[in-house]
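Peer 1: Protein chains in written order, with full-length UniProt numbering: chain A, 1 to 270; chain B, 1 to 344.
Simulated from the structure, these hints should not be mistaken for lab results.
Hints are not guaranteed to be accurate.
To spell it out: a stretch of chain B is covered by chain A in this simulated footprint if at least three of its residues, at any positions, have a beta carbon under 8 Å from a beta carbon of chain A; those stretches are [as the list claims (entries may be wrong)]:
1) 10-24
2) 164-170
3) 239-246
4) 273-286
Only part of the chain B face toward chain A is listed, based on derived beta-carbon distances under 8 Å [stated by the list, open to error]:
5) R53
6) A128
7) G232
8) T235
Remember, it's a predicted structure, so these values are computed and weren't measured experimentally.
Each residue gets a CB set at the ideal place from its N, CA and C atoms; glycine is no exception.
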Amino acid sequence: MTTDHRLTAEKLTVGYGERVVIESLDLLVPPGRITAIVGANACGKSTLLRAMSRLLAPRTGHVLLDGREVHRMPAKELARTLGLLPQSPIAPEGITVADLVGRGRHPHQRILSRWSSDDDRAVAAALDATHTVDLADRSVDELSGGQRQRVWIAMALAQQTELLLLDEPTTFLDVSHQVEVLDLLTDLNTDRGTTIVMVLHDLNMAARYADHLIALAGGGLHAAGAPAEVLTEDCVRAVFGLDSQVIPDPISGKPLMLPIGRHHVRSAVR
Amino acid sequence: MSTTTLEAVTRGRVRRSRRRQAVLTAFCVAAATMVVVSLMAGRTFYPPGDVLRVVLGETVPGASFAVGELRLPRTVLALLTGVCFGMGGVTFQTMMRNPLASPDIIGISSAASAAAAFAIIVLGLGEAGVSVFAIVAALGVAVVIYVLSFKDGVAGTRLVLIGIGIAAMLHSATSYILNQAGQWDLQAATRWLNGSLNGSTWDESVPVLIALVVFGPVLLGQARGLTMLQLGDDTAAALGTRLELTRLVSIVSAVGLIAFATSATGPIAFVAFLAGPIAARLVGPGGSLLVPSGLVGALLVLVADFLGQFAFGTRFPVGVITGVLGAPYLIYLLVRSNRAGGSL
Chain A
1 MTTDHRLTAE KLTVGYGERV VIESLDLLVP PGRITAIVGA NACGKSTLLR
51 AMSRLLAPRT GHVLLDGREV HRMPAKELAR TLGLLPQSPI APEGITVADL
101 VGRGRHPHQR ILSRWSSDDD RAVAAALDAT HTVDLADRSV DELSGGQRQR
151 VWIAMALAQQ TELLLLDEPT TFLDVSHQVE VLDLLTDLNT DRGTTIVMVL
201 HDLNMAARYA DHLIALAGGG LHAAGAPAEV LTEDCVRAVF GLDSQVIPDP
251 ISGKPLMLPI GRHHVRSAVR
Chain B
1 MSTTTLEAVT RGRVRRSRRR QAVLTAFCVA AATMVVVSLM AGRTFYPPGD
51 VLRVVLGETV PGASFAVGEL RLPRTVLALL TGVCFGMGGV TFQTMMRNPL
101 ASPDIIGISS AASAAAAFAI IVLGLGEAGV SVFAIVAALG VAVVIYVLSF
151 KDGVAGTRLV LIGIGIAAML HSATSYILNQ AGQWDLQAAT RWLNGSLNGS
201 TWDESVPVLI ALVVFGPVLL GQARGLTMLQ LGDDTAAALG TRLELTRLVS
251 IVSAVGLIAF ATSATGPIAF VAFLAGPIAA RLVGPGGSLL VPSGLVGALL
301 VLVADFLGQF AFGTRFPVGV ITGVLGAPYL IYLLVRSNRA GGSL
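With the rest of the complex left out, here is chain B (with noise of 0.2 Å):
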């Protein structure tokens, strides 16, 4: 080996290190910002002491129940869950070689959906009932889609095909339960359709919480080996990737990421989907996407909602504008995939 080469290696590899931590610097300062703004900007605006005084505990007439009360949790939420949906959407994406893959797309976030609905609207139970709901029907849809997918090894496009049919049965589970249960109001039907984020307190946010911080670190054990994935099966286990248990670990915490999150918000249309694909064209291929997909999935939430709220003459919840952002990407994808097999 030249020392030539080496040289050009070890700069190529810093150059692209570099980079990385660079976009990942601005994803952090830009939702950090978008946070700020969130807490301080609404019907009142409270400049950032005021804001400060209130998440520090102080009492502050006005602020500390439109910012302690309404934008905190509300903000925190929007966090938690982006973060979630950024990170679960990148791993099926990852695991599976197709950005179709996303659990929005092939139903597993449906049926967390339609689980919390039912348990919050017919059973009537409470926070952790619910979330427990939300991840037996999520896995227990993953593993049908993945039985009814598998011949001679999971292909991608059936895998996607049978779950968009899937999420559309489950979809229309949803509409049925809201409409039995005689509460066929906007919030309930926005939220467990669409995603929103009205009416957001601390009780929503704690077992998103506990989900990132008992899923997520076991997520990020498991990145090296989800980009070792992306190689094809034979070449990663050739690399001594271990296949099977690679996919079971990243597939129970992902969709635990998921089904908390959508337990507490609704599937927030197209999060998962666009979370990763962004976070790829920004970073860079060649390392992990988990990292910056959740952060990018934070930024779209945050800002979704942020625009849902005062952009427009009137509110809409956050899931109507991170649908309109993300259906003409499905829409090209869908065209895509027609003539290449697609691939992050």
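Same shape as in the complex, but just chain A (with noise of 0.2 Å):
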């Protein structure tokens, strides 16, 4: 699969009511490579991402995909481009892992279509990329929050769209099942080549798994760029109002950023 759509933001403004919450944002997701998000709470991390994929009408500025306006697009036509993870979807009571999978496929289907084989392979590889095939029957409700998330995700994939936005993957998820859930996206940006634009609250996570981070401060963009450029004491002081030290991560050479506190510091580092 070639991966070569753009997907950007121009002058983007965009809010809820009567409050703003990002203002007139330039940004650029580069083709084919993961993307991570990162911002202090509620500073619009999630609202960009659903700007980015029509969920939110930009109060002025655009979204193009590709240079056509994505709140334009026919829905079902974006659909099968561009795909959305939220952070807390739904899953209807009872339902079985391979029917809520299947319901990605809903952007490729029309009113009265059957179900075709090509939605069966779809939905079998992406049981098989996730690693959910042994829940294939289960019902979603009995899942553990790992497997759920896995389950989110493989249904995010039958929908096999060549962008895939995820808010928070990881939230709520322990810290084996965290890595397990980033390496999976990283097998799908390496093996599928689809460009993956993620919300991470872990900043050091973000350094290690994402190839771009992006840091929103203000409603704006603060910087963008590989982590080594963006993740830096300076911006962590700028955007989360911390201090910090960042040292090379000695498993992945990527920066990892450790806190400073009031407490619990050694008196050499202050």
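Need the complex rebuilt from these two chains, each delivered in its own frame; the hints are there to steer you.
Peer 2: Have a look at this one:
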């Protein structure tokens, strides 16, 4: 699969009601790479993701996919190119994993068309990629948090989009499941060339797994680029208002941020 | 992708769809059986041969009147309204992701009923006028409930609570209309407050049939969109569902079905409310519940009406029987929804 879809934002302003959350933001999502959006709580990370996937209409400015206005594209056509996994999707009571993953085929189906063998193949591939084949006949209700998150990602995979947006895919997961989900997304990116954009809370995970880091602050873009350029002590101070020390991660060689709070800090560091 | 996975996926899907087909067939057989039984049994029993001849238009002494004029219109109306209530009810429940958001709980049936009672008793309108009155009132109340419960999107619980309040107001309005008109007879009262099939004629079935033919297919066209809405608005939209369009078309058609059915029989208690959850338990999760719920609705009305007529010493209107069946489930849901947000 070749991925050269260009997703960009130009002078994008979005908000809810009276409140403007993001103002005049310019942004380019590098095609075929993994991008992580980081920033303080309520800085508009999720809002940005929703605006990029037409869930939220821009006040002013544009979100463009290959030069076309995302909010003017037919819903299903967009959904065949760009997928989004929201932060807290709802599983209908009692639904089986296979059925839920099958819902991801919606944009590929017409009103009266029947389920096709392509649909079966896409679901099977999604289950394989997320290692959820053994869960296929189980009810989603009875799964653990980590399993459930893999199933939701499988649903997004069955959608077969070349761009995948994920809103905090690792929240509420323990560290081993976080690593599992991020490894899975990296596999997707390397094996299929899927462009991935995800909102992440954990700066260090973001720096380790993303090729491109976008730091938001004060309703705008603070910095964007490779993690080594973006994740600096100055940046952490500006975005989170936190003192820190950034060292090379001995495991990955990417930057690793160590926060400096008021306690438990050796005097040599002060 | 491995071939074993593909086989497992295909097998699982075929198995689930077979189960669904089997349950739907069973529903159809049960409904057909109930229709036949309702036509044969009564104060006088007529054998299937007599019933068939009456249905085919022959004159059979005794049976022509009892079956042709009394039982057949009543059974057909029971079938039609049951389908309307079942489909309309499950549409709201699916859309709001809440079994309590059924039109007979949140005041939409009450609106149709109050309007129909007003149109018939106070204004003296005919069938067509009554149906129009009922659908306008039901749509109006649907809009009012929607607007009142709107605050950063419509929250299920708020909508249900506001709806229950509005239903109570409309219920007393119906009582007032019946009272003021000086026509507080048992027949009219049970019909507009609980729903009844007593005294059904063909005249009442015609608007309901038309509503089913018009709104039924439109609603079925939204079946897939409705199942997508169950995933939450954001997920549904991200998968290419047009939220507002799906909601608008579904609400208008569901209200149409409910209003026309209600203007014929009154709000047969809890049929809209019960059909969806019963259908969901029996056909299993995953697919659309519109058709199964329609069939379950028809079965509920047919069985309840039959029980009401013949199971007890006195005759009870259908709405009393369905009311007795539905109330325990309502209590169960209210208790449960206090602990967790309910869904279908």
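Peer 1: State for each hint whether it applies.
Peer 2: Verification of the hints:
1. 10-24: holds (count 4)
2. 164-170: It is violated: at least three residues are needed, and the stretch 164-170 of chain B offers just 0 whose Cβ sits closer than 8 Å to chain A.
3. 239-246: Three-residue rule met by the stretch 239-246 of chain B, so holds; n is 4.
4. 273-286: Answer holds; 4 residues pass the 8 Å Cβ test.
5. R53: violated (40 Å)
6. A128: violated (31 Å)
7. G232: holds (4 Å)
8. T235: holds (4 Å)
In the structure shown, a violation is registered for the earlier hints numbered 2, 5, 6, in ascending order.
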